[in-house]
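In our numbering, the protein residues as written are 1 to 250.
No lab work stands behind these hints: they were computed from the structure. Keep in mind that the hints are not guaranteed to be accurate.
[As the list claims (entries may be wrong)] Listed next, with one range per pair, are the computed distances between beta-carbon atoms:
(1) Pro73 <-> Lys179: 30 to 38 Å
(2) Asp162 <-> Gly101: 32 to 40 Å
(3) Glu239 <-> Asn63: 30 to 38 Å
(4) Asp162 <-> Lys129: 14 to 22 Å
(5) Lys126 <-> Val99: 29 to 37 Å
No residue lacks a Cβ here, since even glycine has one placed at the ideal position from N, Cα and C.
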Amino acid sequence: MLKFFNVNFKYKNDSKLLIDSLNFHVNRGEFISIIGPSGCGKSTIFRLISRLEKSSDGDIYINDKNVNDIDSPIGYMPQSDLLIPWRTILENACLPLEVGGRKQKNAKKKAEEFLEAFGLDSYKDKYPKDLSGGMKQRVSFIRTLLTGAEVMLLDEPFSALDAITKISMQEWLLNQWSKFNKTILFITHDVEEALFLSNKIFVVSEKPINKLKEVIVPVGYPRDRHMLSRPEILSIKEELVNELKQRVEL
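Assemble the whole structure, with the sequences as input and the hints as a guide.
In structure tokens:
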């Protein structure tokens, strides 16, 4: 589904590579979390996939096509919801359809269907300032879905939420993932969040990034939060936390 093949990258003002001969693959329909210390290059991986940056060497493929040759959009949901304050919730939701050339009337009709399905139809004429943080993130997720992309990149989407809302949104996201059968890559600093959501976790353990350590989460779906207290999950959590602490100390 998604493949990195010998990918190199560095920013213009840097003398050293941030990503060095990186290879990994993601299978269709997987939920992959990526964890690692701040500044290690996690978000850069997303920027390369979404074509916001271009690798200096190597190739990135989606469905065996180089991302630079694909016209279709990549679903990228950043940490901030990036809702446009002067547009209504409906107008924000249908933005990717408008950008894609859909007529405004048809775009709004499709966006209304999604807002209704996500329980937000009564807020369609309100503005971002009128919504809670969790609701804004739901609208942002709808907007990402409406790009039509098979791969969705979620970059710490819940980090700014309070603890209870964050838990609620994690459960909500798993429910949506099971419905829409998307392939999701999810950046987080929260090891427990990664364990609850993912079937695999990629750990950024070196800088420059030349490999991603792969950790399998040995629990199927559907899930509830009791799985986090299983001995095998607690053992993985301790191992991951200790590894990240060592990387921060370095």
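Evaluated hints:
1. Pro73 <-> Lys179: 30 to 38 Å: 20 Å, violated
2. Asp162 <-> Gly101: 32 to 40 Å: Given a distance of about 39 Å, which is inside 32 to 40 Å, the answer is holds.
3. Glu239 <-> Asn63: 30 to 38 Å: Given about 34 Å between the Cβ atoms, the range holds.
4. Asp162 <-> Lys129: 14 to 22 Å: The hinted range 14 to 22 Å holds for Asp162 and Lys129, with Cβ atoms some 18 Å apart.
5. Lys126 <-> Val99: 29 to 37 Å: 22 Å, violated
Hint violations for this structure: numbers 1 and 5, all remaining hints satisfied.
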